[in-house]
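Chains as they are written, first to last, in my numbering: chain G, 1217 to 1428; chain V, 797 to 1077.
Worth flagging that the hints you see were computed from the coordinates, not collected in a lab. Since this is a predicted model, take the numbers as computed values, not measurements. Glycine residues also receive a C-beta, built at the ideal position from the N, C-alpha and C atoms. All the pointers check out, no bait thrown in.
Chain G stretches covered by chain V per the calculated footprint, using a threshold of three residues with CB under 8 Å from any CB of chain V:
| id | region |
| --- | --- |
| 1 | 1253-1267 |
| 2 | 1288-1297 |
So these bits of chain G aren't anywhere near chain V, every CB distance computed over 12 Å:
| id | residue |
| --- | --- |
| 3 | A1236 |
| 4 | L1282 |
| 5 | R1383 |
| 6 | A1385 |
| 7 | V1396 |
| 8 | L1419 |
| 9 | D1424 |
Just a few of them, taken from the derived set where beta-carbon distance is under 7 Å, the chain V residues facing chain G:
| id | residue |
| --- | --- |
| 10 | S854 |
| 11 | L916 |
| 12 | Y920 |
| 13 | S947 |
| 14 | S951 |
| 15 | Q997 |
| 16 | I1031 |
| 17 | R1032 |
| 18 | C1033 |
| 19 | T1034 |
| 20 | G1035 |
| 21 | S1037 |
Next come the chains, spelled out residue by residue.
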Amino acid sequence: MDKETFRSAVAAGVFASEEAHRSLLQSIVEVARAMFAARASSIVLLDEASDELVFEAVAGEGSDTLIGTRFPSSKGISGWVLVTRQPLVIEDVSADPRHARDVAEGTGYVPKGLMTVPLLLEERALGVLSVLDRQTQFTLEEMDLLGLFANQAAIALDLLQRTRRARSALDEDGSEDVAVVARLAAALDGLEGPKREAGLRLLSALEDVLAT
Amino acid sequence: MAIEAHAHEPSAPVPAWSLSPDAVEGIQLAGEWPERVTREWAWEGSSGAGARVCILDSGVEPSHPLVGPLEGAVAVSLGENDAPVAEDDAEGDLCGHGTACAGIVRSIAPDCSLFSVRVLGAGYTGSGPTLLAGLRWAIDQGFDVINMSLSTTKSQFAGVLHELADTAYFRRTVLVASAHNMPVESYPWRFSAVISVGSHQESDPLTFFYNPAPPVEFFARGVSVDVAWLGGGQIRCTGNSFATPHISGICARILGKHPELTPFQLKSVLYLTATNVGARP
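Working from the sequences, and respecting the hints, build out all of it.
Dropping the structure here:
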């Protein structure tokens, strides 16, 4: 496959998939929240360019206010978990006045308990998954379960990052020809039945005409 | 009773990597190990006095009532050509974790010396090189025990970390490192020159188990531990990173009583006094 064809194929995927990956992350935090009967669950993603953590998905408390909120990558409990790659469970966060104040300013809600696990994929730490105020009895098995779940979340985060990088590469490319192919591919993807078949025939004919 | 090692000092200008017949006399070791190495022999009566423990972490809150006085506190950063730069740390603890570890060590070895080396705070990107720089600096200070409740997944740092772990081992500095319970490769806990620690669920701080199926070598208390935290307070935490300072504290007590032990001997004493080996009938 030549470079242009490859780029167009990527573009087709990119335009349609970022939303799907976001939904996947959201479903992961929803399931984590349900699994541990928790009050909230969240995923923060490391933005390497700014060295900050950004809320990507939130279920429960804070879901309407936290998305997009940023904080330094090596401070606080999430920062420690990210940098050291070690999971951490705290049973009474509110006893930590500094943490409680920081969280309360962001959400208006101070959790009591917190389970935090790094999202690791191969050598990279991509972000942090947190489960707040769970109602289940804590055991080491529960920690293992959260670890397994974090593995799945890391794969989803990786997909989202790849999608964004691909989109960013296309945006930086700046050439309208790539963008128009991407839009066409996305439009075709959204068609069904006879219209889709007609669209495919048209593009196939176009391919014959343009073939050298 | 003391176990003494007298290294053979070769007269030749090059190191001797083999044992010549006339050198055998020079490495005779005291043979009077007790019939059974007991906890009473290992650390009874020791408060950790004389042992120097370094907490390589997020910093330690000064004058926390559960931590007490520190021998010193530095923050390590990278200078020119990535050389480690250690400056007096005025920021204390950026997270609470280092304070928690220091408090656990203090609770087990109340009279040991505690020193904070902060390697966190430079952001995620600089965390790997800073960890290496901090560890290198700490090894150069000749601490008896370095508590590392942290790890890196970057394989580019594995070689240097391995080298540092071996350097520490041969300089009689014990590295006590948290094991990872997630399905990824991480370092330095997997290296045999360090003492790696995972968690068990029992509540006794002196209960620890030897794991006959390494790489995790010991399990210590790591679930629902009441620890020192920011603001002079206390919170209840869980994680391998809290099991690790329990073993560091026990090492400090053993070394306070038997300062001549090498890391190899110390690990053997831990094995012989583990709850599943020697401590339970």
